[in-house]
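Trainee: Those sequence lines, one after another, are chains A and D.
If you're matching positions, the first sequence starts at 1 in the numbering used here and goes up one per residue.
If you're matching positions, the second sequence starts at 1 in the numbering used here and goes up one per residue.
These are computed hints drawn from the structure, not numbers from a lab.
Being a predicted model, the structure only gives us computed values, none of them experimental.
Check the hints yourself; a few may be wrong.
[Claimed, not checked] Which chain D residues stay away from chain A? Per the calculated CB distances, all over 10 Å, these:
no., residue
1, Glu-38
2, Lys-43
3, Pro-66
4, Phe-77
5, Arg-308
6, Lys-410
7, Gly-423
[To be verified] Here are the simulated distance ranges between beta carbons:
no., chain 1, residue 1, chain 2, residue 2, range
8, A, Lys-51, D, Pro-383, 43 to 53 Å
9, A, Glu-11, D, Pro-365, 22 to 32 Å
10, D, Arg-159, A, Glu-11, 53 to 63 Å
11, D, Ala-44, A, Arg-247, 33 to 43 Å
12, D, Glu-426, A, Glu-101, 17 to 27 Å
13, D, Phe-25, A, Arg-247, 55 to 65 Å
14, A, Asp-307, D, Pro-64, 38 to 48 Å
15, D, Gln-415, A, Glu-330, 39 to 49 Å
16, D, Pro-365, A, Asp-307, 15 to 25 Å
17, D, Arg-159, A, Arg-17, 53 to 63 Å
18, D, Ala-191, A, Ser-277, 35 to 45 Å
Here a beta-carbon is modelled for each residue, glycine too, at the ideal position from N, C-alpha and C.
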Amino acid sequence: MTYQLPHPANELWRRTRPDRFTLPHPEELSREFTFHATGAEVSGIHVLPLKEGLKFLSGRSTGIPSDRLSESGLSALIHAEARIGYVLIVESGLSPEKPVEISLSVPSGQYHAMRCVVLIGEGSRVVLSESLSGGENGQLLAASFLHLGSDSSLTFRRQWTPSGTAFSVAHNRLNSGASLKLTTFLETHQLFKYEETSTLAGDHADLDTLFIDVVRGRGHVDALLGADHTSPSCRSRIEGRGVVYERGYSLHHGLTSIPRTSPGSDTYFTSRHLLLSERSRADSIPKLMIDTDDVKAGHGATVGSVDEAALFYLQSRGLTRQQAEEFLVEGFLAPVLARGNYKGDSNVA
Amino acid sequence: MTTRDDLLVTDEYKYGFHVPERYEFKSRPGLTRDTVIEISKRKAEPEWMLNFRLRALDIFHSKPMPTWGADLSSIEFDAIHYYIKPSGQKHTWEEVPEEIKETFDRLGIPEAEKKFLAGVGAQYESEVVYHNLKASWEEQGVIFLDTDSALREHPDLFRKYFGSVIPPEDNKFAALNSAVWSGGSFIYVPAGVHIDVPLQAYFRINAEAMGQFERTLIIAGEGSSVHYVEGCTAPIYSRDSLHSAVVEIIVQKGARVQYTTIQNWSSNVYNLVTKRAVAEEDATMIWVDGNLGSKTTMKYPAVILKGRGSRADILSLAMAGKNQHQDAGAKVTHVAPDTTSTITSKSVSLHGGRSSYRGLVKIHPEASGSRVNVQCDALILDPSSSSDTFPYMEVGNSTSYVEHEASVSKVSEDQLFYLASRGIPEEEARAMIVSGFVESIVRELPMEYAVEMNRLIQLQMEGSVG
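One chain only, chain A, in its complex shape (with noise of 0.2 Å):
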């Protein structure tokens, strides 16, 4: 099968030049990578390797719904050729107290293909983390889904800090009554495309999403955050926070949508960005499209630097100007960085 590039014209791909990915030939695709999980080890949690979990699960849909892709060769390719990744199962009416935790690391210098699949069960309660790291001078594509079932609730603590150029596109399910407290933390100095899509396809699902970005160097973010209200009275609360340093660059695209079917919405979408340097950038589209009256929807979004006033006066109690910036950063960051428990995690934090 061939694959390709997305087109330039596509609104999703228009601060990102999709040549700046290369489309791998599936035999180029790297099978090394490092898996770590702990917590798994209680009956009815079954951590897999991508291969054997995909089998387990035997044609339960596991994808990415295709309207839900910005028409891109690389997450066709990430879906039929992924050869490293894991499969997380947890069965029904379970609330295990330790939570699970997912480590990965992929090697330097290849190209990487990766998925990774979640699966929580009706009225489980499951508390996730996972931590990828490495791919240094490579190219990291990867795929995530996300399924809660009814009544369910997972809170994921994901952190991403690839050392090379990353795509990664999410999607995230969640059945009626439903909970997901998700926080992506993702520091970089390269290219990172990322896309992360919600379905509420349940009523009263609550999906609460957080998204950090910390971008070094000549480092580039561009994350699409999503959410799809296709079910009536759900709730969705998105922020993205971003700190940008140096020539870096950050974009928090939102995009929710609410049909006529769905009254009793409830949407809000955040993004705030932390601009560090004089030839740092950043934007934001908070987009909201809405076909009915029974909706309570909104977004707000800041650009700006640190307070100056706050440095000045940081300055004068003895710290230097590049220790106080880092104060600042700190305090625009804790309140999230707490609530994802990065303490330690982050040169930043």
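Using the hints, position chain D against chain A.
Mentor: Below, chain D without anything else, positioned relative to chain A:
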């Protein structure tokens, strides 16, 4: 039998009448080089303008139709008359249908203005027939003419600024306007002159399938100020009509320009307008843009903040009723340091209408210390109506600050309940709530427009319950 209430029920365009066409010349439908040459010849234009028009025509043909925004697929460019020169003959007040006179009475429009609105008092179609400028302004060197006369009477001034803010290459409809423009207003305010009474011009489309392509150019000299008010009404016809205007404004150092539009085209008109101002050092540009009618509107008043310390305020109001799509918004480009902009957008969707806010805030790396505030609120009045927001914010330096806030909601049951408890019927209560919702924009209008706007909202809201 048609009752008065039937005539006033919302979605039926309130000014949907027309008086028989009287014109001196009407171009054949369709757009060719010959049409453009004919227009230029009839107006006895200089050669450079003919060349400009022909170049614009080539650009129009070479550019594709926009694929974003509203659906423009049913515009029949070949069915449009691109130029109509009215005869000087006036219509009479007696020709205006009784129900229209009654609607004017309900809107509380003054006697003289009624005749104006009914097209029997003043200007018509492509040709601006009437302008009223106080003698005192003329003494101060103010020029307020229709654009065609300005080209004839002030050729050097005209040529210096015409097309300097919106060249034909800008977009397909700016190119179309550049090729076939006719009429519009030309205002030149010399340095230091303040015009304290708003300048006004009404535009009407009065011929079937006729495009109206007025071209407005305003130059405000250093330290001057002017407020220009443009109001539009148009009668209903079966075939779609196209209104594609271009408005260019140059706000020189320390000057202030306010451009207020109350746009109330009939529900078969495509209203595709390019409006842009350039603000020099310490200048202020204010767009107040009210979009109430038309089939489809695509209009994003823009300001380029080119001089240090310049400022832009854009207030946009859209009301989308049955079969209407109001795709409106604002664009501000910050090029110079210490520039400020505020955008306030209010939209109301009812009876299945769709309103979309589409905005761009772009801060260039050189525009350090810029400040932007965007507020867009939408009200959806029934389950069959829609609202979108498409804001784009691009920030190219770290010393600027941008904030954006948007909300979409319906009329609150609590508010309705409270007003009902005070004895106010639901329909009236809804109209009051909508009037309150748009108040921050309506209060920026000259008083008589604000009164008219509130009454228009009340009329639009009729039939919104049950």
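Trainee: Looking at the structure, which of the earlier hints fail to hold?
Mentor: Violated hints: 6, 10, 11, 12 and 17; rest satisfied.
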